[in-house]
Amino acid sequence: MKAKRQSHILIADDQEHILDTLTILLEGEGFQVTAVKALDEIIEHCRTSYFDLALLDMNYTQDTTSGQEGLLLLKRIREIDETIPIVLMTAWASIELSVEAIKAGASDFIEKPWKINRLLSVINNQLSLARERRANQRLNALVCEPESIPDLIVQSKVMQPVMKLIQRTSASDANILLTGESGVGKSHIAKSIHRLSHRSDRPLVKVNMGAIAESLFESELFGHAKGAYTDAKEKRIGRFEMADEGTLFLDEIANIPKALQGKLLRILESGEFEVLGSSHTRCVDVRIISASNVNFEEEINKGNFRQDLFYRLNTITIHIPPLRERKEDIPLLVDFFINKYQRKYRREGIVVDKKAMQSLIDFPWYGNVRELEHTMERAMLMASSQVIGINDLGLQKYTRRENLEDMTFEQAEILLIKNAIAKFSGNILAAAESLGVSRAALYRRMEKYQIQTNSEI
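With numbering that gives the first Met the number 0 as the guide, the letters of the sequence shown map in order to residues 0 to 456.
Source of the hints: derived by calculation from the structure; they are not laboratory data.
Watch out, some of these pointers could steer you wrong.
[What the hints assert, rightly or not] No farther apart than 30 Å at their CA atoms in a straight line, the calculated lysine-lysine pairs in the DSS-like style are these:
1. K102 <-> K36
2. K339 <-> K354
3. K225 <-> K74
4. K343 <-> K353
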């Protein structure tokens, strides 16, 4: 999904010829321009539209040269948008006025009559700094830096076609749908695809669609303007804008509400969207990787998921086999997790004895790689010596699991949830982590299936 986005600049001046000159100049440089003369219109535009930069005159009343009107306008705009770069213009500059303007939140200062090279340099510099600030605002919990991504641990034959498909498709901008059971490693594969792509130096932003309350979906994905709703005390950048020029990973994509599927389809088709509370259309260039463990054919037939959206998401589908079908990978994964948790818990020289390793290989792992990781972390803590034995693993026998393939998706999900809750003695947070969902998402599923527990953890 590509859409070339022009930077949108607001120009405010009381002189018509200044507005005309700047509009011609900046549009010739490839910027989108909105030119405004009246003070009240300037504030209204800032409330209803998105701008990448504002270029403001400091005096709007005839024969006024104090600059106080510009300072007041600056403060009012800052109340609406704390992040927009604001460059002030005046023919009556003084050191005192410049200092006061910078203290009030101005990003830079231009004297009239301006030199074109100086003006363009200031504008481009402020736009560049704003992009850097937006990048720095991305939370580490949302943005996965490429250097933090471990290599995929794969040896089994069944995974070789998957690896070849990842290598072939990573270089393209095609949307990719990752399918497979919970815990098979879809997030790690999404990171690897991003790392191998030409977008690897740009952000990878992950959104767990199952963890977002339906009422907040639009705000989370597209952002909101200050005052868009009661609790919108400040402007918020949405995940699409965070991922601009990078990759957006939509995990548990089947959980997106039907009412929002049309809006997601639109941005996939055109790269365009509106921030909640704003009428201004924005454009982003984002590659979409989505993931799910559901049967989309069933969801489409039930009317829960739009077929046209599904076709947009799965330009390429990569199915990741469950861990029980790639047992050759288990010893490698065990070694990886031992090394990982040795460092975390400061324990050295930990090994797994032969019987314990064989038990790990033979175990069905219906929670897949994620369940194996939790098991090895627990074993690391439980082992009384440097050798992890079979009793340290805490593996439980799976009853009725041999018929899992004969179950419906809902029956299998109920069984997995009940087993996870039982395994962690009612600890909902731990059960949710083992299943690869948020606590809120697990509670919603428990309510859906009327699964009871006495724990509030």
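A quick look at each hint next to the structure:
1. Between K102 and K36 the alpha-carbon distance is near 25 Å, which keeps this suggested pair within the 30 Å criterion.
2. A distance of roughly 22 Å separates the Cα atoms of K339 and K354; the hinted pair therefore holds under the 30 Å criterion.
3. Restraint check for K225 and K74: the C-alpha separation of about 15 Å stays at or below 30 Å, so the hint holds.
4. For a cut-off of 30 Å, the pair hint linking K343 to K353 stands: about 24 Å separates their Cα positions.
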